[in-house]
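Trainee: Going down the list, the sequences are from chains A and B.
Number 539 marks the last residue of the first sequence (the numbering used here); no jumps.
Number 496 marks the last residue of the second sequence (the numbering used here); no jumps.
Just so you know, these hints were derived from the structure itself, not from any lab.
Careful, some of the hints might be misleading.
Said to hold, decoys possible - Here are the simulated lysine-lysine pairs, BS3-like style, with alpha carbons at most 27 angstroms apart:
{"no.": "1", "chain 1": "B", "residue 1": "LYS420", "chain 2": "A", "residue 2": "LYS474"}
{"no.": "2", "chain 1": "B", "residue 1": "LYS295", "chain 2": "B", "residue 2": "LYS282"}
{"no.": "3", "chain 1": "A", "residue 1": "LYS83", "chain 2": "A", "residue 2": "LYS73"}
{"no.": "4", "chain 1": "A", "residue 1": "LYS344", "chain 2": "B", "residue 2": "LYS337"}
{"no.": "5", "chain 1": "B", "residue 1": "LYS295", "chain 2": "B", "residue 2": "LYS414"}
{"no.": "6", "chain 1": "B", "residue 1": "LYS414", "chain 2": "A", "residue 2": "LYS344"}
{"no.": "7", "chain 1": "B", "residue 1": "LYS337", "chain 2": "B", "residue 2": "LYS282"}
Source: prediction; values computed, not measured.
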Amino acid sequence: MVFLLIEKELKNLLLSPKFVATFAACTVLILVSVFAGIIEYRAGSAQYTAATALVSQELTESTSWPQLGERQRIFRRPEVMQIFASGIHYDIGRFSVISSWQDVQLQQSSYSIEPIFAVFRAMDFVFIVQVVLSLLTIVFAYDLVSGEKESGTLRLMLANAVPRTQYIVAKLAGAWVGLMIPLIIPLLLGVLLLMLYAIPFTGDDWVRLAKLAGYSLVYLTGFLSLGVLFSTLTHRSAMSFLSLLVFWIAMVLVVPRGGMMFATQIYPVPSASEVESRKEGFARERRDTFFQELSAAFQARSQAHEGMSEADRAAYEEENEWDWMVEDDERQKGMESDLAEHNRQIDEQINNARAVQQSLGFALSRFSPASAYQLAAMRLGQTDLGLKQRFTDALYAYRTTFRAYIDQKNPGGMMSFGGNQSTEPLDLSDMPVFEARLPSAPEDASPVDLLVLMGYIFGSAGLALVAFNRYDVR
Amino acid sequence: MFRLILEKELRDLIGTPRFAVTFGVCSVLILLAFFMGAQNYRLMQLRYESARQQNITQMAGLSTDQWVQLSPTLFVPPQPLAALVSGVSNDIGRSVQIQGRGELALENSLFSDNTASAVFRLLDLEFVFTIVFSLFAVLFCYNAVNGEKEQGTLRLIFSNAVPRDQFILGKIAGSFLALGIPLLIPILLGGLLFTAMGVPMSGDEWLRLAGIVVSGLLYFGVFLMISIFISALNARSSSSFIWLLVIWILAVLVVPRAAVLFAGRAVEVPSIDDIAYQKRQKMMAMAREDMKALAAAMGGESDGTGFRFEINEESDDPEEAQRRMQEQMEKMMKLQREMSDKRDTEMAALTQQLNTERYNRQQVQQGWAFGLARISPAAAFTMGITQLAGTSLDAEAHFMQAVADYQTSFKTFQEEKAGMSSGGGFMMTMRIGGEDAPKAEPIDVNEVPAFTYAPLTLADTLPAALWNLGLLLFYNLVFFATAFVAFLRYDVR
């Protein structure tokens, strides 16, 4: 009986103009979004390659180690999965200068250097699924029950020996299969597009993409069940559509934005400018102390050889030059490590505060399936909110290695200016290389998202079952 | 007759529960947008003041022999209208560090700082208007004509002596009055809320807000006309609804993004990294040459990466030695300043050239991208209101112009105080040490030139915005005409 009902439901759906419209819209939108993603990815990769090539060129042109130490810039490499989920990729800085004098700081986000693309934002697969396809799913499902009542077929159907439970389950299953077709076929075409453009997907990336497709199905199934639920709660399809639309506006458009905005206002975190000012204030004081110490040392040294003859003085300087250099270098390193430590503390404070703010925002918004889906999708796309932190951490780690490398090559440090320099290019063969692939986002760190999405499916399907068993079919 | 139809239409629409629900939702959203906007503005103001204060404290830590190290940070002051129509204001940087010379860059955009907001975006008036207003229009008018046909009322009406043109005019006018005008109520309440929450709005800003609201009504009108037009093309309301939904998705969500993405990427713009590289190369080459020249003039040596020479004017007469030393130092300072000036001029010329090239390409890119995007009324609307609110792409250029002007006066000030200005290549500072050196006093921060920023006014933004508003008006007229004609040919049976 169930199979018969599913078959009937599917035939009904597949032949309806609604299905044709949804299928056409899904195909166009998914393909356009994947194509747009590919174009953006290729533009980003080309930009990345060009920028890193310029940096390498500058590095090889360096003629001294201290100079090299101030020239390193590390760019963030675009990842293939951002084609589907761009997340915060365009919002955070693309590179940071690696230097002993400057803190790691992400600069020039894509949107800040090309604000034209920020005007309407990106149109990635996640956006299409989250906003557009969810709306189409509602259109798909709003009249599944109330529509049959209006057309009188429901009465006819239940006049036969059709168990209500089986009927509603078949309705859901039929609509689900009908919905998957317009989703899976264009997605497969999108995958073909990836292959056509030879986007370097690794095995890991394919797994992520498959998971993303899975999450998208789960998300849309949630809206389908909700559609059926609303349709069994109302007697007129216009009413069920209106209430679903209000629900959709609230869950997809309002709650995610509102939740985060409320969190920002309830729990404010100092802005980047304030943090920078704080760091800069400390750095200035510390540098002043450093220069005072340095000039005191210079004075002490020149006092020590006062009264000596020219020859003695030269010999004395010769004898002590190395020690002095090491001493000064240590002073400088002391200052640098003080600055690094102070900045690290401030960053930690800010990051902790930001984490509290974010979890508050998530708590306020995650009950919306759209938020849950987006957070999960961004993690799969490696463009989640943790990306900034992962990149910054990797940069700090690299900075340490890079500084150690410079120190090892140039034991005298910054103070060792003088005759030991040549204009020969440096041998950079053993220079530490920045690992362009950042550590992955912890995918399973938050099963909450999946739970929320599953909750919507089972909750609304269960309620729909109960509601339909009590439904007045007349 | 027209008045009668209008009245009937008004009653039909306003009396329904659909109106109550939708109007309620819209009102809540509009009020929420104003409330959140005001809260956001207050928070931004607080952050802005605190960042400025910290910057002042930090500058006050300098002493009078450190004028050359002075490098104030300027912040983009928060604008009340930007809290309602955020545009790209959160994507472009909010602060810029000033040095006497050299190029300036806006850094620390709000969205790069607070990435969670970047992902979920803001609930502002721009969003409510663009998404909700248009959906509202579609939802109410998708069955304006064919709904009456399905119910049989259309046949009934035309069995009387009702002219078709008056009927459709009444329908359009009635729908607009019944749906558009009530939306003004929550907007007015929102405006009051904004004032009550202490957001300072100037007369100019109120006028611009009025302009934004008028644009909102025009935009609403476009979707209303399209809906009536599609409804008059279809015999069944369910198919007109599907059509309209597809049109809405395309116009509001897809076309603006796709147009900018595809047209934008089709025009090649010189990359900012390449420009920065060329500038760094030029700067280093010039610095190398100048170091050598400076070292040679002072009788020292340089390998192009650093230089050294000795100022060692020994004499039996300590005063004489001091005087000669002073002369030498002045000579060096003068040379350095001359070289800096020369480098500055050359760098400025190169920067100007590279930036102009980039700017010109960007203009071509924008022309294509926005030209194509404007096919969608949503894009024309967004561009129009962000221009009115001063949060369009022009806003950044306007701020940077003010900052560049400030840099000129800051450079003069710094040169007066320190004898030289900071930034733009290598620089050597000297301190006369020793026990008996004059003790440096802390600087007086009040002496530093103040930065006053005059935000864009209605007069600045109106010409560009009028273009987009004109386009919206044009769309209104086009769809009005098509709806009118389509109905005159409609089969009412």
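Trainee: Confirm or reject each hint.
Mentor: Against the structure, the hints:
no. : hint                   : result
1   : LYS420/B with LYS474/A : violated (41 angstroms)
2   : LYS295/B with LYS282/B : holds (20 angstroms)
3   : LYS83/A with LYS73/A   : holds (16 angstroms)
4   : LYS344/A with LYS337/B : violated (34 angstroms)
5   : LYS295/B with LYS414/B : holds (26 angstroms)
6   : LYS414/B with LYS344/A : holds (25 angstroms)
7   : LYS337/B with LYS282/B : holds (25 angstroms)
This entry does not satisfy hints 1 and 4, going by the numbered hints stated previously.
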